[in-house]
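Number of protein chains: 4
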Amino acid sequence: MIIVLKPNISKRQEVAVLKEIRKLGYRPHVMRGVARIVIGAIGDERTHQSLETLMTWPQVENVMPVQRRYKLVSREAHPANSTIQVRNLVIGGKKLHVMAGPCSVETEKQLLKTAEVVKAAGATILRGGAFKPRTSPYEFQGLGEKGLKLLDKARKATGLAIITELLSEHHAEMVAEYTDIIQIGARNAQNFQLLIAAAKTGKPVLLKRGLSMKIEEWLLAGEYVLANENANLMFCERGIRTFETYTRNTLDLSTIPIIKQESHCPVVIDPSQGAGRADLVIAMCKGAVAMGADALLVEVHPNPAEAWSDGAQQLTPERFGKLMRELRPFIQAAGRE
Amino acid sequence: MIIVLKPNISKRQEVAVLKEIRKLGYRPHVMRGVARIVIGAIGDERTHQSLETLMTWPQVENVMPVQRRYKLVSREAHPANSTIQVRNLVIGGKKLHVMAGPCSVETEKQLLKTAEVVKAAGATILRGGAFKPRTSPYEFQGLGEKGLKLLDKARKATGLAIITELLSEHHAEMVAEYTDIIQIGARNAQNFQLLIAAAKTGKPVLLKRGLSMKIEEWLLAGEYVLANENANLMFCERGIRTFETYTRNTLDLSTIPIIKQESHCPVVIDPSQGAGRADLVIAMCKGAVAMGADALLVEVHPNPAEAWSDGAQQLTPERFGKLMRELRPFIQAAGRE
Amino acid sequence: MIIVLKPNISKRQEVAVLKEIRKLGYRPHVMRGVARIVIGAIGDERTHQSLETLMTWPQVENVMPVQRRYKLVSREAHPANSTIQVRNLVIGGKKLHVMAGPCSVETEKQLLKTAEVVKAAGATILRGGAFKPRTSPYEFQGLGEKGLKLLDKARKATGLAIITELLSEHHAEMVAEYTDIIQIGARNAQNFQLLIAAAKTGKPVLLKRGLSMKIEEWLLAGEYVLANENANLMFCERGIRTFETYTRNTLDLSTIPIIKQESHCPVVIDPSQGAGRADLVIAMCKGAVAMGADALLVEVHPNPAEAWSDGAQQLTPERFGKLMRELRPFIQAAGRE
Amino acid sequence: MIIVLKPNISKRQEVAVLKEIRKLGYRPHVMRGVARIVIGAIGDERTHQSLETLMTWPQVENVMPVQRRYKLVSREAHPANSTIQVRNLVIGGKKLHVMAGPCSVETEKQLLKTAEVVKAAGATILRGGAFKPRTSPYEFQGLGEKGLKLLDKARKATGLAIITELLSEHHAEMVAEYTDIIQIGARNAQNFQLLIAAAKTGKPVLLKRGLSMKIEEWLLAGEYVLANENANLMFCERGIRTFETYTRNTLDLSTIPIIKQESHCPVVIDPSQGAGRADLVIAMCKGAVAMGADALLVEVHPNPAEAWSDGAQQLTPERFGKLMRELRPFIQAAGRE
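Protein chains in written order, with our numbering: chain A, 543 to 879; chain B, 543 to 879; chain C, 543 to 879; chain D, 543 to 879.
Source of the hints: derived by calculation from the structure; they are not laboratory data. Fair warning: there could be bad hints in the mix.
No copy is singled out in the list; a pair is fine if it fits within one copy or between any two copies.
[What the hints assert, rightly or not] Below, computed lysine-lysine pairings styled on DSS-like, alpha-carbon distance capped at 30 angstroms: (1) 742 / 864; (2) 688 / 655; (3) 661 / 698; (4) 864 / 565; (5) 756 / 637; (6) 651 / 565; (7) 613 / 661; (8) 698 / 637.
Computed from a predicted model, the values in this text were never measured in an experiment.
Same shape as in the complex, but just chain A (with noise of 0.2 angstroms):
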């Protein structure tokens, strides 16, 4: 920690803070700038407790945290890039995943239909929505257990591993029992008593960034998951909340080589919710494979306009098809099979 005082304090002052420091645990070292005195606090900000708290004293003007907060996720701490092994795929390896599917589970024909085309199209895992987080509590909020069996269904038709969402800390092992990988929405990115549900399961984590979460928020929200021994932990960005109306979202593909930089996990991109408009979701796929996304997140229905929820940025058949063809070309340039 670095704790800057104020210009124009008085010895008195100086040494109370110094005081302060070293009764939280830290050894004070001291520095006389042109302009103002700069305190070094030595010790582990990650077992301390935090000096923010010295903020509140008139005399001093800031701190600054030295230490990344995260450990467990960090490349630091895993030099290596982990995989996830998923059934018998493996995730974070050389070969590009594709989820895709429906946003909601709506009807055994429907779940079908799609898990056979987005198979023949070259897709490895399922994406469906049994519980569905709805801004209002009048919209669609899915079929519940139901759903859950017709993914297991078209699990056993197709041969697709299974990715579905989990809401509720009452549902953790219910949804364990059908799914391959628990999916966390992005708005309980922070619901921490649900991450660690999540985690304790045992099954792959794939834990989307909030709307408004820092990337530093986000990989402490994968420490939750690390610490609470599961280490199949993937980060997925889906886009954040900004000024900008034309699109649902930003998607932030900058994500990709940071969250390399910063952690070991697999980063996985989900365009579908990034833009909310279909009409993008193939640029921004093609984006994120040249900048080293481990798979892609894509929402599929067999028909868009009737879907029971977030038509607008659902592809059809015929565009997912077209995106696996053209993604071909930016998978072999980024050297992924």
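Once you've looked at the hints, dock chains B, C and D against the given chain A.
Same frame as chain A, now just chains B, C and D:
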């Protein structure tokens, strides 16, 4: 719903849209403008499926909702101000209430001392976190039930009512047993399962605004409480996330007249979270009172520099006393008690 | 400056950083912490070259400035409040001033009528745009010099002082000839050439906050005025751009105590631009007064629905009268006149 | 325009709105919905006065524009891609161009060396700032005309075309005399007087996106160039301001497909400003190429740590060579040269 078609589309494309609108249960009404065809889709947007999915159609340029999506929280539904009975207090009436206390419940001594000083200065409700949502898993997570018991003790000792945060669906009943008001924090503002669990306890619910929640989304999150048969809802602004880094968040005081205009529920302002800096809290409280807030939520700690969480934003007892004295003329000017 | 080195770097890498710090004119001071080496670079950050460029070095993790970058606008440099003489008025003193008038100067009749009603209600300064920065080139761009002449006429008729916006370096002298205060708009808040041109006229300058300007950047933009030998600067908050769409901008009232803390210059609040909605202006003015604003800038138009620009945010004369009446108790509570 | 009336208004209030709509030159068309009355106002929104002012009327709930407000920049007006001739180069055609060079022109040696290395690596256009918009008045403000002369020298020595920023209306002719492309920076993106001055020189204009500019506003700022009879306009995304602090700005790569969809003008990506960190530039360039950018704008400096401005984001010549080599397969995959 208003559907705007692209310029220069064929008759066949127009007819297809009209057909789909009818299929989804609305009655289409065509207006031919100078540059574009605009279709009004007549029907209740809250009970029919959304037409926003038409955005995926190549001939559609834009789809615009006409109705507000919230019902029970809206002033349209309930023109008079709602008031909430909390023990012998009424929130949303003529009296301005101040909820004050430490960020976290730490020790019996800390809590009781704070309770006494805030009561003496004029607060009517004691705040204190027993379950704390912390950005990092390595930070203090709260005393849990032990903290709730200390709050109960402080209530008995002082007669203050209690507000504390609910973090987990599993704790809803336990927290409701001890507290007078259940707080839903900013990170859980769209954790709809938690909102439902809180609503079902029957206790008054204070719903903080999420870090990047639009006002419409906030009202809709509140709708989850009222739709689960709990009419005792307060909205609490605590600052939104913006690009500014001088303050921790940007306290959006315009929410006071906006929520008053759109809804009948009381409005509470939390300047401690909003600023993240004790030195700005007094001015923000004055603004909140002048603009018509029904209550304030203020963090007070006997020794902020040694607080176990968020010390930088907690007031000392002396400063809290100063706040309460300086607020008086503004409370009078606002016609409150 | 504080330079944080990455963990596990070589001695040679450390020495290279120390050498560069010396080369750039600072004296390095090394602190060996638990996890990282931290270097304090001692020297005046405002007169030496920035060390932030060290961020490009592979062994450097972070570079953190210690000093504030503004000098002349800072309260450190000038502990007392500055006051600004505008004709026979003093801004920044005990009296709260209200600057009111139409968004655009349209006709002699419109302007004179508005001037009379705002004066009668208690305003002391007349606002009105002669040069208008419009998002689209097809919108009304202002009457230009003809508008300035109408403002002069209104001043002569009513005795009100005048504030109007400067848009182009070419117009600096012409605008200064007619106006009492030069307004720099939000879109030009970092148009430094225009700031310099405005400063050099010697007229008082009101600097609006840019749509996404951090407080530090705003103070530094103000520094351009004072550094060009014009001490008569006011800061005017008019709302920042956020994700919220209910209001046009988010009025950040916390800037009042913040600017008062960091600077000695007067603070003005513009709630009309801040909200973009006349129905919220009254509440926002009350908040601004309670929090210590020195002046308000309010748009008033005899018939807002027929205004040539920004009608939605202009008050009718009736509403302006109501505002001025309702403000009175808050002005008293704030200890102003 | 669509005007939504509030529920439960009187017939008289409805008639008043219809009368005003007619008075402002539109033909009203009434639709009676389930909950509200909606009025379509038929007429060209770009040539008539805006109806948004009706928002001030108590009986009006919302006013929604139907038409796009930009004309000349829109793809509707010009369905084919525009190309721009810059000396012997064509921007917006099959060839991807790289504009590279230092943030600021510092010395002849620095500039010529950079020009040679970027040319050798494949760049076709040399960038370099002679007039610099700096946040603080105490930072290096550029060499001015001397810098322009050095750029001219570098052009003669290498045959590279030149792009440099215009800061002041007073300099438009001087800058146009030396440069091949005029750059309008982010801080001046809504400095409409400067845009008009740049347009009138007849030189191609590269318009950076403002820090908090919505896409519609950016297109409308571009409209100022085309409406002043200069058809040679490029849009350049350089990152927007968001809550994230890990990067200096958030580079919004979705603007590539969006601008391509809405406009016929070429799109350029500036990842140096976007990230503010050299270590992220390579990945961002790959994404930009994959998504269809027409050109890249990259900062390169012989010794970034000693750069006179923005060192943290400038590439070394070695890293720039690596970038150009690694981009090749993506350029091919995108079907460019």
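Hint by hint, here is what the structure shows:
1. 742 / 864: neither (39 angstroms within a copy, 44 angstroms between copies)
2. 688 / 655: within (17 angstroms within a copy, 53 angstroms between copies)
3. 661 / 698: within (13 angstroms within a copy, 57 angstroms between copies)
4. 864 / 565: Between copies only: 29 angstroms across, 64 angstroms inside.
5. 756 / 637: Within one copy only: 29 angstroms inside, 37 angstroms across.
6. 651 / 565: between (66 angstroms within a copy, 20 angstroms between copies)
7. 613 / 661: Neither, since 37 angstroms and 42 angstroms both go past 30 angstroms.
8. 698 / 637: within (23 angstroms within a copy, 48 angstroms between copies)
The structure does not agree with the numbered hints 1, 7 stated previously, though it agrees with the rest.
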